[in-house]
Amino acid sequence: MPSRRRALTVLALLFALVVASFVVALAAGSIPVTTHDLFTALFGEMFSEKWAGMGETSLAIEVVRGLRLPRALGAFACGGLLALAGALMQVLLRNPLADPYVLGISGGAAVGALLAMLAGLVLWLIDLAAFIGAFAAMLIVFGLAHGDSSWTRTRLLLTGVIVAAGCGAAVALMLSIAPEAQLRGMLFWLMGDAGQISEPRPALVVLAAGLALALPFARELNLLARGDVLAQTLGVSVNHVKRGVYFLAALTTATAVTTAGSIGFIGLIVPHLTRLGLMKLGWGNDQRLLLPAATLVGGSLLLLADTLARTVIAPQQLPVGVLTALIGVPAFLFLLGREKHA
Amino acid sequence: MHDIVRMAPLIFTRDLSVRIGSHDVCRALNWQVNPGERWAILGKNGVGKSTLLKTLAGLRLAETGELIVCGAPIAVPPARTAGGTLGVPTFSRESQRTLAKRRGYLTQHHNDPFPSTVMETALIGRHPHLGRWDWESTADHEITRTALAEADLVGFAEREVQTLSGGERQRLAVAQLLTQQPQLFLLDEPLTHLDLSHQVAIMELFKRKTQGEFSMTSALVAVLHDPGFAVRYCEHALLLFGHGEWLAGPARTIITAENLTRLYGHPLREIGSDNDRWFIPC
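These protein sequence lines are chains F and A, in that order. The opening position of the first sequence corresponds to residue 1 in this note's numbering, with each subsequent residue numbered one higher. The opening position of the second sequence corresponds to residue 1 in this note's numbering, with each subsequent residue numbered one higher.
Rather than coming from a laboratory, the hints here were simulated on the basis of the structure. All values derive from a computational prediction rather than experimental measurement. Note that CB positions come from ideal geometry on N, CA and C, so glycine has one too. Watch out, some of these pointers could steer you wrong.
Said to hold, decoys possible - Computed footprint of chain A on chain F, listed as stretches where at least three residues anywhere in the stretch have a Cβ under 8 Å from a Cβ of chain A:
1. 22 to 29
2. 88 to 97
Claimed, not checked - Some chain F residues flagged as far from chain A (calculated, every beta-carbon gap over 10 Å):
3. 121
4. 124
5. 196
6. 216
7. 236
Said to hold, decoys possible - Just some of the chain A residues that point at chain F, by a computed CB distance under 8 Å:
8. 95
9. 97
10. 113
11. 124
12. 127
13. 132
14. 282
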């Protein structure tokens with residue numbers, strides 16, 4: 001049975017997984033990195049004195065500090081954000097097939113980013129345009145679905161799908177008129193790529209804030225996942241919580257998409273994988289554990305996938321979105337097949 | 001159990017009008033449900049029985065009138081203009097929390113889009129009794145285990161909800177309602193999907209929960225389809241005839257073959273004796 005102590009134990013184990021993933025991500029690559037380099041890069045010079053005589057490895061330290069660590073932190077943050085957003089969307093739409101992109105948020109971000117690229121803007125403006133696009137799509141979906149006060153899931157889902165389709169068409173249009181030179185950058189952006197992460201801090205802050213905002217309402221989300229009427233009967237102010245969840249999911253998705261492009265399947269697969277894993281422990285769908293657990297699993301998974309993406313055919317780098325989709329599609333089909341037999 | 005309302009009516013209505021769209025469910029309903037009373041709501045399909053129950057549960061607005069449930073005044077706004085939309089009642093957070101602890105509402109439909117165990121699902125009923133950061137305690141688990149046993153679900157605790165049969169799922173909803181430990185039970189077709197023996201067992205269960213030690217605190221209002229069950233388990237009845245017409249009173253005088261014939265628009269015949277009356281369609 002779920003109890004706070006056992007939940008914390010599970011989270012501690014997952015945290016160990018996160019640490020292990022970081023070690024792998026920082027150590028793997030074409031430039032070899034020793035344990036000593038890792039410690040020095042992460043914790044500064046105080047360790048190198050104790051470990052003196054291990055040889056000069058400043059290049060490795062530079063690589064870890066300057067390249068691998070920001071990228072790893074960014075990949076972790078994006079994975080966590082997408083998994084959190086996916087778990088929230090699944091509760092909000094009460095649909096196990098919902099993912100962070102189902103309401104057109106990534107479509108909006110893509111339109112914004114590609115427009116900025118077409119205009120030849122600098123990187124931070126592209127990021128800003130992506131963020132604005134994501135929020136514009138969110139407001140359009142929210143506004144249209146909110147038409148009257150009956151804010152039904154079907155309406156929300158349909159509006160989202162339509163807006164996403166519209167964005168898809170706009171993206172195709174821009175790709176077809178884009179000059180050859182910009183096409184590759186655009187495609188990489190669309191496929192999702194952690195290599196473009198320069199500054200991981202905003203994503204990490206949003207991730208921490210998102211979790212901190214969602215967790216106090218986790219038990220209310222448990223009720224919401226079982227239906228509005230039940231939740232309202234048991235004292236949840238359904239409309240407020242729903243609006244909050246939608247905003248939070250949109251914010252986390254927009255941040256992830258802005259940071260690393262639309263990386264597929266993390267938001268869909270990770271909540272399911274986590275839920276299945278917790279089922280084995282007797283916790284089915286307890287958001288109090290599922291939200292933080294999915295966040296940690298999502299972060300680790302994207303971090304490992306990104307490490308694979310930049311090492312598997314190094315020095316060539318694969319877009320991580322391709323890898324997550326290649327892993328995600330069979331995993332998802334497998335889950336779907338299992339669900340039928342259950 | 002310090003915050004229990006004693007002896008005050010659990011439902012009090014004055015000139016209450018409930019509508020769905022342009023359809024009147026009840027007009028000027030003056031009605032009172034006291035502790036220890038069991039009421040059956042009878043009426044044709046689509047007459048608005050569930051809508052009335054939902055209004056009583058504080059989950060939807062009424063048109064006009066006054067409604068107090070379990071001591072929580074449910075602010076009923078003045079008549080809205082045509083085309084106005086329904087929404088969540090405007091009562092305060094505080095009365096919403098009070099309602100969540102004191103009145104239970106058994107819905108007709110139960111949704112389980114995500115995998116979950118029977119125990120987890122039944123534990124949900126404890127929500128209003130827990131603080132924001134509380135996890136369910138051993139006591140909450142004990143209450144839930146008792147509730148599962150009362151709903152004849154011993155040995156089901158670890159079962160996956162999606163593998164339950166219709167009747168078992170219905171009994172799980174009953175167990176969830178019991179873990180909430182409300183004073184006022186609002187039941188929308190509680191016998192759906194149940195076999196005959198469980199129909200009797202569940203009605204007996206709710207009878208136990210509203211008599212004896214509970215007769216000073218608890219009451220029941222159930223939408224039922226079988227007038228025989230209504231007279232057997234409920235001493236009072238509220239008949240909804242459609243077009244806003246209603247009739248409330250002791251089941252003995254209200255549930256008659258004549259009234260039921262008018263209610264259902266189909267001739268019914270009464271059989272049996274005083275304490276054991278059944279109605280069969282002609």
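Results of checking the hints against the structure:
Requiring three or more residues with a Cβ within less than 8 Å of a Cβ of chain A, the coverage given for the segment 22 to 29 of chain F is violated, as only 0 such residues are present. Residues of the segment 88 to 97 of chain F with a Cβ under 8 Å from some Cβ of chain A number 4, which satisfies the need for three, so the listed coverage holds. Chain A leaves residue 121(F) outside its interface by the beta-carbon criterion, the shortest separation being 42 Å against a cut-off of 10 Å. For residue 124(F), the non-interface assignment is confirmed: its Cβ lies about 39 Å from the closest Cβ of chain A, beyond the 10 Å cut-off.
The claim that residue 196(F) lies off the interface holds: its Cβ sits roughly 35 Å from the closest Cβ of chain A, which is beyond the 10 Å cut-off. Chain A draws residue 216(F) into its interface by the beta-carbon criterion, the shortest separation being 6 Å against a cut-off of 10 Å. Annotated as non-interface, residue 236(F) brings its C-beta within 10 Å of a C-beta of chain A; the closest such distance is 8 Å. This hint is violated: residue 95(A) has a C-beta 10 Å from the nearest C-beta of chain F, more than the 8 Å allowed.
Interface hint status for residue 97(A): upheld, as the beta-carbon distance to the closest one in chain F is roughly 5 Å, under 8 Å. Proximity of residue 113(A) to chain F holds as hinted, the smallest CB-CB distance being about 5 Å (cut-off 8 Å). For residue 124(A), the interface hint holds, since its Cβ comes within 8 Å of a Cβ in chain F; the closest pair sits about 6 Å apart. Satisfaction of the interface hint for residue 127(A) is found here, the shortest Cβ-Cβ separation to chain F being roughly 5 Å, below the 8 Å cut-off.
At its closest, the beta carbon of residue 132(A) sits 6 Å from a beta carbon of chain F; the interface hint therefore holds under the 8 Å criterion. Given hint, residue 282(A) at the interface with chain F, is violated; its Cβ is 37 Å from that chain's nearest Cβ, farther than 8 Å.
The earlier numbered hints that this structure contradicts are 1, 6, 7, 8, 14.
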